[in-house]
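Kindly produce the complete structure, drawing on both the sequences and the hints.
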Amino acid sequence: MSTVAKEATLDTPVELCDKCHECFPVKSNPYIPIVESYLSQHPANHISLDHEIPSLGEALQECLAEVKGYDQELKRMLEATRRMTKRREYLWGMAKRLRGMITSSIRRLPPEILLHVFHLTWQQGGQWGCEQSKTRITLTLGQVCSHWRTLVHSTPQLWSDIKVEFRAKDSAKFARRVLRWNQFLLEKTRHNLLDIQFIVPEYPWETPLDFDTEYNTQTHQPVISELLRYGTRWQTADLTVMRDEVFTLPQDLPHLTTLTVLRRQVLEESFPEQIWIAESGPPSPLFAPRLSNLSLSAVEIRLAEPVNLDSLTCLMLDCYYMDTLLDILRYAPNLMDVHIAGPVMPRTSTSSGVVTSRLRTLEAKHLSSIPGFFRRLTLPCLSSLYISETSNASAIEEDNDFQLASFLSRSKPPLSNLTLKVKKSLAYEGLIHVLGMLPNVTSFTLGDRRYQWDIEPPFFVADDLLRHLTTTESDAILPNLTSLHIHFPNPPTSDRLRDMVHSRLQRPVDQRLKSLRLVFCYCSSSTLGQDIRECTEELRNAGVVVEVVCTHLPIAYFE
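Numbers 135 to 693, taken from the working numbering, label the letters of the sequence shown in order.
Just so you know, not all the hints are guaranteed correct.
Each pair of labels, with its calculated beta carbon distance range [what the hints assert, rightly or not]: (1) A561 x D665: 26 to 32 Å; (2) H567 x L254: 56 to 62 Å; (3) P613 x S359: 57 to 63 Å.
Note that these hints are calculated values from the structure, not bench results.
Using N, Cα and C, we set each Cβ at its ideal position, and we do this for glycine too.
Given below as structure tokens:
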């Protein structure tokens with residue numbers, strides 16, 4: 135060991151604190167020079183003499199004692215270092231989070247990119263199922279910093295989603311606040327297009343059983359009147375109004391693409407005869423060249439020239455006047471899909487003549503009079519037809535079959551999908567006659583809308599219907615049928631079912647029956663006859679996709 139190394143390592147104590155100048159070791163070890171001298175004079179493989187061992191042993195113990203002291207000091211210092219390192223890591227994590235909040239990169243984005251982020255957030259707000267308007271998102275964004283607030287208040291689109299919802303307990307004072315708020319929004323939107331949603335209470339009371347806090351229908355009138363003033367800027371509008379409320383839609387709706395108007399019907403389920411439509415006033419023009427989706431419930435629209443509904447492709451009506459439907463069909467040349475539900479309101483028609491439309495799909499649910507519905511229509515492009523009647527539909531009359539057959543004869547539609555769910559407004563013989571007029575039908579669904587407590591006989595006898603559907607080379611009803619769905623009020627015999635399907639399998643490949651769905655009501659799979667189960671299994675082996683449903687519910691529940 136050199137002299138330089140000795141001086142650097144052992145002669146100078148280690149200073150532990152630069153403030154109090156505490157050192158270790160506190161005093162010099164007198165044995166260290168002796169040990170250093172002895173080691174420098176002898177090689178590493180030297181064996182000490184007997185007389186040297188006592189003094190060298192004492193020096194060894196002193197050196198080991200000092201080494202132990204170093205270990206204790208190092209352990210204490212390492213614990214302090216560990217604690218300091220842990221505190222440093224925790225503090226560094228806090229500092230990084232705080233720095234990210236203070237110097238976030240989104241704050242340094244250019245305004246055009248930041249505005250794009252705002253638009254994405256604002257648009258997705260309508261997909262979260264929030265009850266509040268998307269303007270709440272706009273308000274939240276504006277509270278982050280002055281830069282964001284300036285950007286938000288200078289962007290009209292972020293204020294263009296306007297949702298107004300009144301509750302039964304809302305007062306006139308609350309309505310005035312809502313009016314001022316919506317006036318503020320309308321001012322912020324400048325000339326931007328608007329998405330409007332207006333909702334009134336479902337009941338005129340706070341709850342269906344609370345009649346003490348009846349809602350005053352005049353409460354929301356100033357608000358809806360203010361929204362109607364801006365109809366020229368509507369892009370979408372979803373309006374829910376009270377049962378006895380009368381209002382007039384703007385005649386000029388140049389930017390409107392979707393319109394939904396629903397009239398609340400109190401006690402609708404218990405007393406369907408109380409459903410009614412408020413008077414809409416005299417016929418008026420309507421200019422909505424971009425309107426593509428129109429949905430009306432218990433609302434009458436009476437149209438008069440000039441009318442522009444050239445973009446309308448989808449119409450939904452619920453509890454309607456026939457005149458409203460005919461007017462829309464007359465003035466909407468590109469209308470493709472019509473979905474209607476509920477009975478036609480009993481009012482004498484003011485228009486005359488048959489209306490021709492290029493409809494592709496017609497879904498008419500809960501009709502009270504099938505002939506009365508089709509008497510005024512000609513649909514030469516119809517490819518899909520769904521008909522169901524109400525439980526209190528008018529009884530079978532000779533005119534019923536004639537009007538439906540007359541409609542098909544007059545229209546000559548290329549019908550490919552047909553669904554009939556009737557009870558007593560169409561005779562079974564009339565049904566067979568109608569099916570004979572539809573050679574292009576590939577999918578047919580038939581349901582007898584009888585309830586378990588009905589005393590009338592079933593609409594059709596299963597075996598007789600299957601006999602008519604059994605094809606021969608000279609006589610074939612629905613010759614192109616590939617999918618058949620029947621609700622049976624009573625099970626057919628297995629032989630008749632087997633004969634019908636096998637006759638369909640003998641037809642050309644593109645005309646063969648491929649799918650068969652049989653619904654047996656008022657029975658279970660255990661009570662279904664063994665012959666029917668064997669027959670359906672045989673048909674599956676023949677390549678037909680067969681689905682059998684057994685239920686105790688009436689057929690009328692399968693809508």
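Ascending list of hint numbers which this structure does not respect: No hint contradicted; all consistent.
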